[in-house]
Amino acid sequence: MAYAWHWEIFLQPAASGETTYLGWVLAGFETTIVLSLLAWVMALLLGALMGVLRTVPNRYLSGLATAYVEFFRNVPLLVQLFSWYFVLPELLPPAWGNAYKQLNPFLQQFLAAVICLGLFTGARVCEQVRSGIESLPRGQKNAGLALGLTLPQTYRHVMLPMAFRLILPPLTSEFLNTFKNSAVASTIGLLELAAQGRQLVDYTAQPYESFIAITVLYMIINIVVMTAMRWLELRVRVPGYIGSK
Amino acid sequence: MLNTRLLSVALACSFLAMPSLAAEPAGALKKIQDSGTISLGHRESSIPFSYYDDKQQVIGYSQEIMLKAVDAVKADLKLPNLQIKLVPVTSQNRIPLIQNGTIDIECGSTTNNTERQKQVSFSNTIFVIGTRLLTKKDSGVTDFADLAGKNVVTTAGTTSERLLRKMNDDKKMGMSVISAKDHGESFLTLETGRAVAFMMDDALLYGELAKAKKPGDWVVVGTPQSREAYGCMLPKDDAAFKKIVDGAIAKVMASGEAEKIYAKWFMAPIPPKGLNLNFPLSDDMKALYKAPNDKAFE
Numbered sequence: 001m002a003y004a005w006h007w008e009i010f011l012q013p014a015a016s017g018e019t020t021y022l023g024w025v026l027a028g029f030e031t032t033i034v035l036s037l038l039a040w041v042m043a044l045l046l047g048a049l050m051g052v053l054r055t056v057p058n059r060y061l062s063g064l065a066t067a068y069v070e071f072f073r074n075v076p077l078l079v080q081l082f083s084w085y086f087v088l089p090e091l092l093p094p095a096w097g098n099a100y101k102q103l104n105p106f107l108q109q110f111l112a113a114v115i116c117l118g119l120f121t122g123a124r125v126c127e128q129v130r131s132g133i134e135s136l137p138r139g140q141k142n143a144g145l146a147l148g149l150t151l152p153q154t155y156r157h158v159m160l161p162m163a164f165r166l167i168l169p170p171l172t173s174e175f176l177n178t179f180k181n182s183a184v185a186s187t188i189g190l191l192e193l194a195a196q197g198r199q200l201v202d203y204t205a206q207p208y209e210s211f212i213a214i215t216v217l218y219m220i221i222n223i224v225v226m227t228a229m230r231w232l233e234l235r236v237r238v239p240g241y242i243g244s245k
Numbered sequence: 246m247l248n249t250r251l252l253s254v255a256l257a258c259s260f261l262a263m264p265s266l267a268a269e270p271a272g273a274l275k276k277i278q279d280s281g282t283i284s285l286g287h288r289e290s291s292i293p294f295s296y297y298d299d300k301q302q303v304i305g306y307s308q309e310i311m312l313k314a315v316d317a318v319k320a321d322l323k324l325p326n327l328q329i330k331l332v333p334v335t336s337q338n339r340i341p342l343i344q345n346g347t348i349d350i351e352c353g354s355t356t357n358n359t360e361r362q363k364q365v366s367f368s369n370t371i372f373v374i375g376t377r378l379l380t381k382k383d384s385g386v387t388d389f390a391d392l393a394g395k396n397v398v399t400t401a402g403t404t405s406e407r408l409l410r411k412m413n414d415d416k417k418m419g420m421s422v423i424s425a426k427d428h429g430e431s432f433l434t435l436e437t438g439r440a441v442a443f444m445m446d447d448a449l450l451y452g453e454l455a456k457a458k459k460p461g462d463w464v465v466v467g468t469p470q471s472r473e474a475y476g477c478m479l480p481k482d483d484a485a486f487k488k489i490v491d492g493a494i495a496k497v498m499a500s501g502e503a504e505k506i507y508a509k510w511f512m513a514p515i516p517p518k519g520l521n522l523n524f525p526l527s528d529d530m531k532a533l534y535k536a537p538n539d540k541a542f543e
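Quick note, the sequences are listed as chains A and B, same order. To convert, note that position 109 of the first sequence is 109 in my numbering; the numbers rise steadily by one, no gaps. To convert, note that position 96 of the second sequence is 341 in my numbering; the numbers rise steadily by one, no gaps.
Okay, chain B solo, but in the shape it has when bound (with noise of 0.2 Å):
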């Protein structure tokens, strides 16, 4: 009796667990089929990767990456009229929103390492840092060592938080970790005279030195502590939609149309101030341009 009722629950089960088998999409395609729309998660301050410009418009470097992969799910979904909701993310609400399905990808400048695979999955990489220290240029800041026993801030919820944290208890600098809530909060706790350095991507500090009061007395330095891979972020383990962005990923950067846009976001004058930020293309991102891939470096 006993066994009889656990295997029609065992059948039950194995029912409801079946794949669909026909061609229907599922997941998050289903959902933006049936709603007519999909959510894009941003950033408000990651400058050039994910922005608001002095009209409050959303632009990029990853929001332009972001545009392509959606342009794809139009076509796959044959969506012609998707209508595109923009949710404004932060560094600490993002993979949440993901996981309730409030956003359905996020392209902003989110770290893809293997901690955060648990939870979410990510698209192939679409940039690749490493983590420097901003600082005034007659701090005296030349490198990490110089900043035992100081003031050192960085942005809540990042991996510079975690190598910063680390390597101020494995080397016993004495250093005060100030932990901001976005990087515009970072950079001015660094401009108010607060932290000597703001450790961070490299790429998002130069973007923090674009938006300061006078950009000449900013300067990036330091060793690189880690590299990064960015990626977008998606739901877990939806391999359609990760197909979808996957490809319309690695197409931008086969057709040399990705150089053109990291031409125009870090070698060219970018909003709000019109300031270039010179910051050419790593031998690191030359080899992603050249063959695309999801890995992450840790």
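Same shape as in the complex, but just chain A (with noise of 0.2 Å):
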């Protein structure tokens, strides 16, 4: 295969915006980085309450939380998206759609992203929790409830403490997952990283050093995450159970 490599394209200055391509890059890195980070609070946070909604003796209440995952865990999320930024704006009372169409686009497609990124990331979080409170001895809870508690104060400070050490493995997958399905948002025009990439390629017709580049930089987010994640396991971990030494 010819090709011809031009690794100081990055020092070039970019077709707009003032800037070079690895600002356009780095750019990119940065919206990234703070759409996954929002998602991920916005899924820890529902995903806490839709687990342990799951899970609390009241048929209304974990029906409500059931609907939530199977609805938001089986539709795929490229269709998701598309229905947060193309469909529900036309959904919507036309002034209000139309207000929301006319606002920036970038904040269109970010704000668009951040909820279809959290609620469905949310529904994933939301079975770990509910998975972790389950695999608790159902002593735990009749402890707690023994010694006066009501239910949520059992929640708070007996199950939801267990429970949370315990999926912290999977729920790191989780969050590297967000930041790789955030990838989507290049889908609905969002300039973020793996967008920039491509716009990489299309102003300086060099592809092998774009997608390279974002390789590395979505792999050094993902490392940045692991190592983090695997020293709170350290620090939180409950002796005698998984994560513990």
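Any given hint might turn out to be false.
Mimicking DSSO-like on lysine-lysine, the simulated pairs with C-alpha atoms at most 30 Å apart in a straight line are [to be verified]:
| hint | chain 1 | residue 1 | chain 2 | residue 2 |
| --- | --- | --- | --- | --- |
| 1 | A | K101 | B | K416 |
| 2 | B | K459 | A | K101 |
| 3 | B | K417 | B | K381 |
| 4 | B | K395 | A | K101 |
| 5 | A | K101 | B | K456 |
Simulated from the structure, these hints should not be mistaken for laboratory data.
Since each chain sits alone in its own frame, please combine them into the complex, following the hints.
This is the structure in structure tokens:
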């Protein structure tokens, strides 16, 4: 294969935005990180809440949580994203829909991506939390209640602290997946890392350098996340359970 | 000692690099002959150049010209049973797919420019377009200056995207440029009111107009910002293959067949909606048909 390598393209001035092509890549890197972190915070809060609801002894609450999980876990991520971005504004009252569509396009794309990714990942976190709670011996809940704690107090002080420590390894995977899944946002035009990589191909006609650069940046994100989560696992380990020495 | 070793390495390299002197085909032609298959890159929604009709068949102006080139390859290699493999490509992946040999040729709506010539080669030009705007009839947009401060959509990876961003920077117009994945999605962005105008090659804009729910609501406006030459993309520096493709295109143009293909796609009802683009042959196109060439405009 005849290919002319030109690594110096990253230092050349970009076609727009008064920066270099490296500046484009870094702007995408930043968007990917902010987008994924926001989505992850949303997923963690929502997943914790729904995970608890799935296990409470109330048919309606657990039914609600089950419906949420089944819906957001079973529809492809791309379809969900297109629905948030293209379909939802058409279903809103026309005045709202039009107001939303006149927003800055970046903001529209960013909002749609955060909500979509947050709800999708939230459903997966919810299942991790549920499995964590259900893996605890039944005696723990009963002991909490026998001590005179209310059910919410038992969740807060006994079951959730244990459950979250147990599910840290699968949560790490979900956290990593959030960063990788954020690349779907490029399909609605959000200039995150993957989209900047493709844009670089269009403008410089140097596909291999561009894709190698963004691959390295994704790996850097994930290695940092993995290391941080490994450290957290060691810090909060429960003696006698997985993750402990 | 070192010198002799260097010398032998240099000798070995020169043997490896030596072109084969026999008439045996090399490069893409050899690959096509050995595999008995030619891989054609086509677009999915570049109406009327290369797109799917309602039966998911690839049709269009560029597609017909590409098939003429395939006929020429068949005749040259004496392979009447050459298998055709159709590979859908996008603006973003078409160059890498030519480079890594997944496709042998791509005729769609690809602009021949000097930047791209560093990575791929282009055949004789098959079409000349101008970049303009598609907008709603009552939007109040009549030219590029009216776009200041508005949301404008264009397709990612196109020359229009570059021009629009550059115009925005140079003239400080404060536009928000939306880069959509393909022409269909760009038009969806325009149709749903996210953008007031869609900048693209005029022929493609007429194509999108033909797909609209109410074609009468839309209009193509604005001074062309650039002229562009569409060519078929070929592997870089594959002179033998390029010669056959160029010859086929020149022949189609000289015989008057190209004008008939043009009339079929731009002056008559076309699938999927049976709409007529009514896009008459431009002076640039007449000149091209008279004197086929592979020159880029930029």
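Hint check:
no.: 1; hint: A/K101 - B/K416; in the structure: 25 Å, holds
no.: 2; hint: B/K459 - A/K101; in the structure: 21 Å, holds
no.: 3; hint: B/K417 - B/K381; in the structure: 24 Å, holds
no.: 4; hint: B/K395 - A/K101; in the structure: 12 Å, holds
no.: 5; hint: A/K101 - B/K456; in the structure: 22 Å, holds
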